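The listed protein sequences correspond, in order, to chains D and Y. Using the numbering used here, you'd call the opening residue of the first sequence number 1 and step up by one each time. Using the numbering used here, you'd call the opening residue of the second sequence number 167 and step up by one each time.
Keep in mind the hints are simulated off the structure, nothing from the lab. Since this is a predicted model, take the numbers as computed values, not measurements. Careful, some of the hints might be misleading.
Straight line, CA to CA, 16 angstroms or less: simulated EDC-like cross-link-like pairs of lysine to aspartate or glutamate [as the list claims (entries may be wrong)]:
| hint | chain 1 | residue 1 | chain 2 | residue 2 |
| --- | --- | --- | --- | --- |
| 1 | D | 54 | Y | 265 |
| 2 | D | 136 | D | 23 |
| 3 | D | 124 | D | 13 |
| 4 | D | 124 | D | 17 |
| 5 | D | 54 | Y | 258 |
| 6 | D | 124 | D | 31 |
| 7 | Y | 217 | Y | 184 |
| 8 | Y | 272 | D | 39 |
| 9 | Y | 217 | Y | 206 |
| 10 | D | 136 | Y | 249 |
| 11 | Y | 269 | D | 45 |
| 12 | Y | 279 | D | 13 |
| 13 | D | 43 | Y | 273 |
| 14 | Y | 269 | D | 31 |
| 15 | Y | 216 | Y | 231 |
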Amino acid sequence: MNAARSETVVTNDTTADRRSERELVVTRVFDGPARIVYDAWTKPELLMRWWAPKSFGITFLSCEVDVRPGGTYRFVFGHPESGEPMAFVGRYLEVEPPSRLVWTNEEGENGAVTTLTFEERDGKTHLMLRDLYPSKEALDEAVASGSTNAYPEQFDELDALLKSLQ
Amino acid sequence: MVQFHAEHVDASFAALSDATRRGVLERLAREDASITQLADTFQMTLTGIKKHVSVLEHAGLVVTEKVGRVRTCRLGVSRLEPEAAWIERYRELWAARFDELDKVVKESIQEEKANERSKK
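Work out the full structure, taking the sequences as your base and the hints as a guide.
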């Protein structure tokens with residue numbers, strides 16, 4: 001019944017669900033064609049404008065992407081309380097503009113493989129992001145750690161430490 | 167599959183909106199019970215009580231397990247709560263990013279229109 005509702009009314013709501021033992025799915029609709037949304041995920045100058053919103057309290061220092069199968073990416077962030085910059089790293093596995101991107105998350109062990117699909121309907125782009133973990137245990141562990149990968153784990157720990165000191 | 171957030175909360179409220187179902191939860195809070203026992207307690211048919219239990223089960227409030235020919239019902243486990251909270255934070259993280267991404271998409275569209283106009 002909810003599926004029927006979401007088909008008739010397109011909203012900008014972001015949904016997130018644990019779809020199975022080892023995968024998380026996030027969806028969102030954007031008011032624009034797929035090629036434009038795709039560009040915002042693959043061009044560093046655009047990525048840097050949205051990946052780290054101000055509310056996260058971190059600064060996007062650099063963004064290097066080699067968007068082709070086997071190409072690597074490296075996002076580097078600074079945290080006001082940390083001297084050392086932190087990085088998100090991984091490799092692109094599948095690159096099919098403007099409909100599909102698959103990449104690995106290799107900053108920690110047991111990282112998820114992220115699949116992003118862009119589906120254009122009536123000028124709007126239906127985005128689906130799927131994080132597939134190597135095992136149920138890996139996803140359970142991510143949940144138990146409390147880290148949502150908003151930024152590298154070290155930052156999460158640092159934030160927890162700062163909160164405990166307040 | 168368990169759905170979280172708005173849908174999950176809706177399901178919980180819908181499940182709790184019925185007096186029989188609230189009774190079933192109170193009954194199960196005291197002791198686990200089979201479908202047959204619940205039907206007896208609430209003087210309902212097996213089919214009728216099964217419908218109520220299935221609504222409660224869908225909302226995650228009750229868990230059932232079939233052993234042999236007996237389906238036993240017990241209260242849903244609350245260990246789902248930390249996971250639901252984590253998924254909500256994960257959703258908020260992406261929602262915050264996507265709100266910014268919205269702006270980038272809008273600006274790109276405007277830029278494209280401006281470029282097309284200047285070409286003409």
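Status of the hints after comparison with the structure:
1. D:54 with Y:265: Between residue 54 of chain D and residue 265 of chain Y the Cα gap is close to 12 angstroms, so the pair holds against 16 angstroms.
2. D:136 with D:23: Answer holds: residue 136 of chain D to residue 23 of chain D is near 8 angstroms, not above 16 angstroms.
3. D:124 with D:13: holds, 14 angstroms
4. D:124 with D:17: Distance of about 22 angstroms is beyond 16 angstroms: violated.
5. D:54 with Y:258: holds, 14 angstroms
6. D:124 with D:31: holds, 5 angstroms
7. Y:217 with Y:184: holds, 12 angstroms
8. Y:272 with D:39: holds, 13 angstroms
9. Y:217 with Y:206: holds, 15 angstroms
10. D:136 with Y:249: holds, 13 angstroms
11. Y:269 with D:45: With Cα atoms ~14 angstroms apart, residue 269 of chain Y and residue 45 of chain D stay inside 16 angstroms; holds.
12. Y:279 with D:13: At roughly 27 angstroms apart (the allowed maximum being 16 angstroms), residue 13 of chain D and residue 279 of chain Y break the hint.
13. D:43 with Y:273: Distance of about 14 angstroms is within 16 angstroms: holds.
14. Y:269 with D:31: The given pair, whose Cα atoms are some 10 angstroms apart, holds under the 16 angstroms limit.
15. Y:216 with Y:231: Cα-Cα ~13 angstroms, so holds.
Against the hints set out earlier in the document, violations occur for numbers 4 and 12.
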